[in-house]
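Here are the chains, one letter per residue:
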Amino acid sequence: MCLVPLKKRTNPDKEMTVKKNVGIRTNYLAMISMGLLLASCSDESALSFPEDMHANERAIVSTTEFDAQLEELRQGGVMTATVFQTETELLIREQALSSTTSSKSTETPTERKAYFGDLHVHTTYSFDGYAFGTLATPYDAYRFAKGEAIANPAGFNMQLPRPLDFYAVTDHAMFLGVVKAAADTSTEFSKNEFSEPYHDLNAPENMAAGLFSILNRFSTFAGFLPDAISQITSGELDRNEVLSVVRSSWSDSIDAADQFNDPGNFTTFAAYEYTSSTADMGNLHRNVIFEGTDQLPREPFSRFHSVNPEDLWQWMDELRAKGVDSLAIPHNSNGANGQMFKLVDWAGNPLDDDYAKQRIRNEPIVEITQIKGTSETHPVLSSRDEWAGFEIMPYRVATNALSQLEGSYVREALLNGITLEQEGMTNPYQFGFIGSSDTHSAASQNSESNFVSKLGLLSGTAEQRGSVPQTGLEGEFGYQVMKALGRGGSRLRINGDVYVSGAAPTFGASGLAAAWAEENTRESLYSAFRRKEVFATSGPRMQIRLFAGYGFDEKMLTEADGIERAYAGGVTMGGTLLPYNSTEGEQATETAIPGFLIMASADTESAPLQRLQIVKGWIDAEGTHEEVIDVSCAGRAIVNPDTNRCPNNGAQVDISDCSINAETGAGQLSALWRDPEFKREQRAFYYARVIENPTCRWSTWDANRAGVTPRPDLPTTVQERAWSSPIHYLPE
Amino acid sequence: MSWFVRVNKPWLHFVVLGVIFYQLQSVLFPESKAVIGPLSEARTAALKKQWLTSTGRQPSPEQIAKYIAVELDRDMLLQRAIDLDFHLHDSIVYQRLIRNMKFIQLATGKSDAELFDQAIEMRMHLDDEVVKRRLIQLMEQRLLANAPPTKPGSEKIEVAFIKRKDELRRPPLYSIEHVFFAPERQQEVASVIATITSQDLDVQAARKLSSPFLQGHRFLRQTPGQLARNFGKTFVIGLQEALKKSEIAESGGGEWLGLIRSAYGVHYVWLSQFEPARDAELQEVEQQLRVDLEYAANKQALQCAIAALRLEFDVRGREQKEPGNGVDCE
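Respectively, the protein sequence lines represent chains F and G. For the first sequence, the positions run 5 to 736 when our numbering is used. For the second sequence, the positions run 158 to 487 when our numbering is used.
Next up, chain F with everything else stripped away, as it sits in the complex (with noise of 0.2 Å):
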């Protein structure tokens, strides 16, 4: 455990010497003189773009000895231990607290709208967002998402330039608000020999962000959860008080999401984050979402009631039973080094029948974006998608290991998923998609020309996000401290400046998710989850339709009427399509085979659109297969039948003040397309996506601000994007 390793604000007035604080001033000492004698052995090191990183040979071999370390580490077991026992214990809680302003009309919607949210926010309950600095509240949090600015824990202000219409806080349910109470000196728990040396984390004097303030926090919470558990385990810390925290936490929270929630024009939802991950730092992460607040257990299911997510599920289907409805989102599937869509269970057997029904009724969508990268799939899976690349994250989540890409990315468990089914399973990869944005500070970060990352104290600069060079302590002397702490992989040499390396370079300003719902309530946008009426965006609002069905023709493009015909006559987005049944003696004709009617229509504060495509994966004898096919180009251009691809729009970006030819690109595109490869008795899925014309990246924009170079290892445009959720097809 570390002792005392704050920043101390020293008082000239007084003469006393206190010995600690000439400890401290002894490590850095040590430190420094490290850092010197290093000075003359640094690396240059080879460019990588992050998507070519599992080729990188410094890449690999660090990995290496990460797997090496992990593995004598397993031999403990602390962080997989059981610390709490499972209980459905329900909290009834009176509905009383949700805002008595609402402009709900009351007349009956008929039509289904775009509403655009967060299901992924962390605030200062969670113990990490509490460590980056993070004192916002999930108060704070519904308040930002409603359009008030909010303080990062660097100094500043954020606020969204549109309020969003959903939000949710997803704490770490994991010791959820314990960090807090153990360093606000006024609780009870912080009494305990456990809180010491969290007393005043947060407090002013100890929210610097320079070198030794960061190495501090990290020394701080190294040893935060081993030592939770096994003082827990051992009865050192009492697991009553502890639990005491977690659920008087997780009851503010709901209290919060009550106070805001505001049928009609904002909806908020109670939520938290199951926080597992397996031996290898493999990801399993996912956001638990409550149908309503009436009832709800009394405390949160975290990985310290059990690693395995089966038991997740199985605590949610008993809840269940109980009339408590929620569902499951995993996310950065990217990170999982192959764990998360992996064809095996927990315990290693092939997947069952009962298996993927209990996921896909608990999992019915996956968070396909965010700031720790998107996980539609790798360039390496998807060598024919030359959009594949985008906001590429190749670590495993917290670490700079590499993730492997197999079991990590939702097309390729799109595919293996059809292939289950083909076996005469349940498919338990048939889900919908939604992009949240994973922040710590509690807000929302999908805006590539103010993002300020995830992290709070650790990203409020662009020097830490990694986007220019280091200067100061923070450079050639910082890099040469961090490789002497063995921390080397965390800085990076580019034509003689020190960047910070690792995943934070790697983030993307991402994402959004939205619902086709009739209106803005929790029931309306709890029953497009459940039915996977819902889409991605890496941040700009567009919005994106598909509709499938038989019979669809090309007048549902230009008439009023065609996304009702689409309804009433087809299925929308997290579908299924059963064949055509055609009546006795029919001939083979163009209705036999589905339509497809596909619309984006821009952000009007965001680029205009540059083309509308299908993905398209199927299963055949030779295996499973995938394409890309533009259906929709911008400017009325045809989509050449060969490449299937549109012709170059000419978009630019002036890279020099990120200004756009905005002129160029559509505000709307649709097609009604037919798949000319379709077969009958082929299983077969098919999604949505929607480019627009190129961007700045985030990391080019503080690079214009500070003056200097873009980062060339990182690339300076990004062309943001929305996916549908994919309709399947089913054959008899």
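Think of the hints as simulated: they come from the structure by calculation, not from any bench. Where is the CB? At the ideal position from N, CA and C, for every residue including glycine. A couple of the hints might just be wrong.
As the list claims (entries may be wrong) - Cut-off 25 Å, straight-line C-alpha distance, at most; resulting in silico cross-link-like pairs (BS3-like, lysine-lysine):
#	chain 1	residue 1	chain 2	residue 2
1	F	K559	G	K365
2	G	K205	G	K223
3	G	K259	F	K195
4	F	K150	G	K322
5	F	K150	G	K390
To be verified - Pair ranges (Cβ atoms, derived):
#	chain 1	residue 1	chain 2	residue 2	range
6	F	R302	G	E404	52 to 60 Å
7	G	P328	F	D256	28 to 36 Å
8	F	P208	G	Q182	40 to 48 Å
9	G	A304	F	P208	53 to 61 Å
10	F	P208	G	A454	19 to 27 Å
11	G	E297	F	S223	49 to 57 Å
12	F	E568	G	Q343	22 to 30 Å
13	G	A191	F	E245	33 to 41 Å
14	G	P433	F	E568	28 to 36 Å
15	F	G500	G	K205	30 to 38 Å
16	F	Q408	G	R326	53 to 61 Å
Assemble chain G onto chain F, guided by the hints.
Below, chain G without anything else, positioned relative to chain F:
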């Protein structure tokens, strides 16, 4: 015996003169107050640096004066907490000091009580930031307990309601349906509108002449901000302009407006209902006002208590002279 003879006693003269001199002494030579401040140059510089780190800007002279005033108040609260021996009776201070003693390896063979006594003897409690914060916090709690804030009553809420009337104003609400013309239908616009007008089509019938619009056709009780999210800002400005030219603001609804341009094309808009911006009703905002007033009352009570305490000290180097930092402490 006359009264003069009765009081003309040396011992009485001695007592009376003693009392007079004693009173005069306390007026002419008052007991010196404990001195707080001024802050050293180094501490002031540290405060300026702290400001720069958290805001990215250099503090103005007023800002630094305020920062110094807060710091001096902290010193004063700490001093009074120590005068009251809070540091000897608080479990957090106790644990913290023992922990510090163990850290600097002075714990060998000593009990916790001995370590604590030694820490106090070393005046360690004066230089530990956590202990200082804890003692200041306890002192603040004591001050608030002695002079608790009054809960805002309905009268105060009503006053705040009137005072914040502009800020609490509710935005206008528009209920619209629209006929949308995609860019490729620009040439049809005039004839379609002529058809709607000449045949006096109702909105359901007119909507059949629209291009599909992904965001929907019917929007009920939407604020300008909500409309902008679906149509863009240009459309909202156009709608507001069209509204000014019409008489619907008086009639309350039921009129075609437009054409109104958006980023997607043009729209012929049926405004079925318009609810102008209005003042909020008290019951809509009562809870919000109550929370804000309670917070303000708590803050004011503490500031007033600190201002009163300040009179018992000789605070030096404080440029902000007003009691309670400008709050009304009557």
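Hint check results:
| no. | hint | result |
| --- | --- | --- |
| 1 | F:K559 / G:K365 | 12 Å, holds |
| 2 | G:K205 / G:K223 | 11 Å, holds |
| 3 | G:K259 / F:K195 | 17 Å, holds |
| 4 | F:K150 / G:K322 | 20 Å, holds |
| 5 | F:K150 / G:K390 | 18 Å, holds |
| 6 | F:R302 / G:E404: 52 to 60 Å | 59 Å, holds |
| 7 | G:P328 / F:D256: 28 to 36 Å | 30 Å, holds |
| 8 | F:P208 / G:Q182: 40 to 48 Å | 45 Å, holds |
| 9 | G:A304 / F:P208: 53 to 61 Å | 26 Å, violated |
| 10 | F:P208 / G:A454: 19 to 27 Å | 24 Å, holds |
| 11 | G:E297 / F:S223: 49 to 57 Å | 31 Å, violated |
| 12 | F:E568 / G:Q343: 22 to 30 Å | 24 Å, holds |
| 13 | G:A191 / F:E245: 33 to 41 Å | 40 Å, holds |
| 14 | G:P433 / F:E568: 28 to 36 Å | 33 Å, holds |
| 15 | F:G500 / G:K205: 30 to 38 Å | 33 Å, holds |
| 16 | F:Q408 / G:R326: 53 to 61 Å | 56 Å, holds |
In summary, the numbered hints that this structure violates are 9 and 11.
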